[in-house]
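Protein sequence lines correspond, in order, to chains A and B.
Residue numbering for the first sequence follows full-length UniProt numbering, starting at 1 and increasing by one per position.
Residue numbering for the second sequence follows full-length UniProt numbering, starting at 1 and increasing by one per position.
A hint or two may mislead.
Unchecked claim - Capping the alpha-carbon separation at 30 Å, the derived lysine-lysine pairs in DSSO-like fashion look like this: (1) B:K314 x B:K274; (2) B:K64 x A:K64; (3) A:K153 x B:K64; (4) B:K153 x A:K64; (5) A:K314 x A:K237.
Note that these hints are calculated values from the structure, not bench results.
2 protein chains.
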Amino acid sequence: MDSCVIPLRHGGLSLVQTTDFFYPLVEDPYMMGRIACANVLSDLYAMGITECDNMLMLLSVSQKMNEKEREQVMPLMMKGFRDAAEEGGTSVTGGQTVINPWIIVGGVASVVCQPNDFIMPDSAVPGDVLVLTKPLGTQVAVNAHQWLDIPEKWNKIKLVISKEEVEQAYQEAMLNMATLNRTAAALMHKFNAHAATDITGFGIIGHARNLAQQQRNDVAFVIHNLPIISKMAAISKAGGNLFGLLQGTSSETSGGLLICLPREQAARFCAEMKSSRMGLSGAVGQDGGVGDGQQAWIIGIVEKGNRCARIIDKPRIIEVPYRGSVVSVQEGSNNNASPPEVQQT
Amino acid sequence: MDSCVIPLRHGGLSLVQTTDFFYPLVEDPYMMGRIACANVLSDLYAMGITECDNMLMLLSVSQKMNEKEREQVMPLMMKGFRDAAEEGGTSVTGGQTVINPWIIVGGVASVVCQPNDFIMPDSAVPGDVLVLTKPLGTQVAVNAHQWLDIPEKWNKIKLVISKEEVEQAYQEAMLNMATLNRTAAALMHKFNAHAATDITGFGIIGHARNLAQQQRNDVAFVIHNLPIISKMAAISKAGGNLFGLLQGTSSETSGGLLICLPREQAARFCAEMKSSRMGLSGAVGQDGGVGDGQQAWIIGIVEKGNRCARIIDKPRIIEVPYRGSVVSVQEGSNNNASPPEVQQT
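Given only the sequences and the hints, what does the whole structure look like? Please build it.
Here is the structure:
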């Protein structure tokens with residue numbers, strides 16, 4: 001399971017909590033803070049939990065940063081984390097910061113739940129379909145962006161992508177990683193989800209296998225479609241099957257939810273994901289446009305089987321287009337300057 | 001406050017949680033795990049909370065360790081952490097491990113409480129006395145132990161202490177740091193404590209000041225006595241007031257609780273601390289002897305004042321003797337081989 005569930009001594013309640021911390025993988029400290037927070041909360045969302053009672057922030061400041069760098073970087077990262085927590089309807093009331101060779105950012109999310117607040121990820125049945133709520137390819141996009149400055153790496157992929165496209169793919173990846181899976185968690189209840197997990201370090205296939213192993217019924221997951229940030233499949237091929245993206249082994253950071261849904265509900269789930277974020281926190285994007293809703297895709301089926309998961313031989317690659325660039329929040333700016341795609345709700 | 005307290009949506013309950021992580025400061029991985037766990041739990045104990053619903057472990061493995069070192073060190077550290085959690089009546093059900101230049105060990109402790117389970121640290125009144133439940137001097141002891149191998153450092157202190165005494169002081173410090181403040185937390189309720197905090201990085205005077213500032217009444221804390229691990233005061237003087245131990249600024253790790261108690265209750269509190277650990281978890285040390293109970297000292301008074309704290313000009317130094325050496329748990333040993341002083345209850 002993505003979170004631990006602890007039965008409490010008080011009236012049928014459970015404490016559900018999770019922790020995650022890692023090293024920065026994008027250059028924008030504000031976005032990195034948002035991503036770290038989205039990544040922590042995602043473990044709750046994967047259980048259909050939409051509320052979080054408290055977050056703690058875990059940080060380390062790099063000893064290699066001078067004082068000016070610290071003062072510029074750390075407050076932005078903390079602001080990003082706090083803004084994402086606020087978007088998730090929660091707040092950060094504690095934590096710890098240490099000095100370390102490397103920067104660390106992460107946190108702890110805790111919630112006290114009633115039994116019907118969460119969905120145990122063990123009830124998939126043959127006939128369900130698999131839905132994915134964010135495109136794959138974040139690791140490829142982040143690495144390709146770093147390779148812009150490394151000629152021997154760049155030479156391997158420059159025939160299939162332009163520098164502008166790499167920049168756009170990187171922005172798209174950041175945007176996706178910083179997006180909360182909260183709407184998906186809410187819709188899991190509405191559309192009677194049978195099980196779910198979030199896609200992170202083990203890639204789509206690794207997490208699909210983990211989820212399959214937890215099922216009570218004799219099921220297998222078969223993935224037919226791979227929604228991937230546009231051009232990342234081409235980069236992966238050009239680089240000699242980089243990270244195993246097309247085999248589903250490429251790591252994702254703060255990836256989407258992989259959800260087992262009754263077949264007749266899945267299309268409506270996807271439609272409602274995209275329509276808006278209304279209904280969760282009462283807020284709708286002001287522009288009603290790009291980034292307001294999230295895309296979700298039916299990517300496979302649940303059939304009878306041996307609690308395993310596989311991708312078919314020639315999966316359909318769904319090229320997910322870039323939505324536009326993210327306006328980075330600069331020091332001293334206020335919330336109104338946040339990018340519309342990840343604005344607070 | 002040492003922990004954050006989050007009111008929940010469920011029947012007057014609160015979520016209380018805290019996190020702490022740091023770098024190893026003793027050489028024994030098993031004891032380091034115990035110390036890290038005791039240190040995390042101490043923030044709950046400082047609020048008079050004796051139960052913990054869940055712990056998460058936060059770890060990093062050093063990239064400088066080879067595989068064999070990792071396999072030897074990390075399981076011992078995790079075992080120490082888990083054993084201390086078990087002694088605290090709780091268990092570790094989650095966490096995360098990353099690779100890092102330095103080893104990190106720490107955790108998160110969470111509990112869902114009713115209002116009378118915890119004591120807000122804000123109700124000291126003039127006439128209270130200050131009680132401390134572990135001796136000071138852990139930083140001096142740990143450093144002196146490192147200086148055994150650094151001639152220019154050792155030369156500064158060798159006139160006041162022998163190598164054997166340094167070893168004993170180090171063992172005593174480890175033992176104290178690995179001791180849970182749980183008994184003290186339980187007795188805070190029994191003897192009507194008005195406020196408490198735990199002594200860690202800011203030293204006794206730093207934490208006394210923090211606690212004074214949180215008081216609702218116009219009070220000041222005056223410290224008359226400093227219980228210090230034997231010979232550590234002498235080392236501090238010989239080294240030119242090392243770490244400011246006698247001024248109360250020397251860092252402690254997993255230090256004792258500093259508790260404001262009604263004057264007429266304090267002596268009984270100290271007596272009961274020392275008698276045994278019976279009554280908390282129903283267990284008494286098998287040998288009934290050394291290390292079974294913990295010492296506590298009345299170290300000062302609460303008077304009318306301006307929410308500040310001070311140590312008097314010439315405080316009485318209480319030399320706290322060594323109790324004997326700690327038998328380190330080696331790889332492959334079982335719980336029965338745990339040192340009696342920190343055995344599971």
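Now the hints, each set against the structure:
For the hint linking B:K314 to B:K274, the alpha-carbon distance of about 27 Å falls within 30 Å, and the restraint holds. The straight-line distance between the Cα atoms of B:K64 and A:K64 is roughly 18 Å, inside the 30 Å bound, and the hint therefore holds. Distance restraint check for A:K153 and B:K64: the Cα-Cα separation of roughly 27 Å lies within the 30 Å cut-off, and the hinted pair is therefore satisfied. Between B:K153 and A:K64 the CA atoms are separated by roughly 27 Å; this keeps the pair inside 30 Å, and the hint holds.
With a CA separation close to 14 Å, the supplied pair A:K314 and A:K237 stays within the 30 Å bound.
No hint from the list above goes unmet by this structure.
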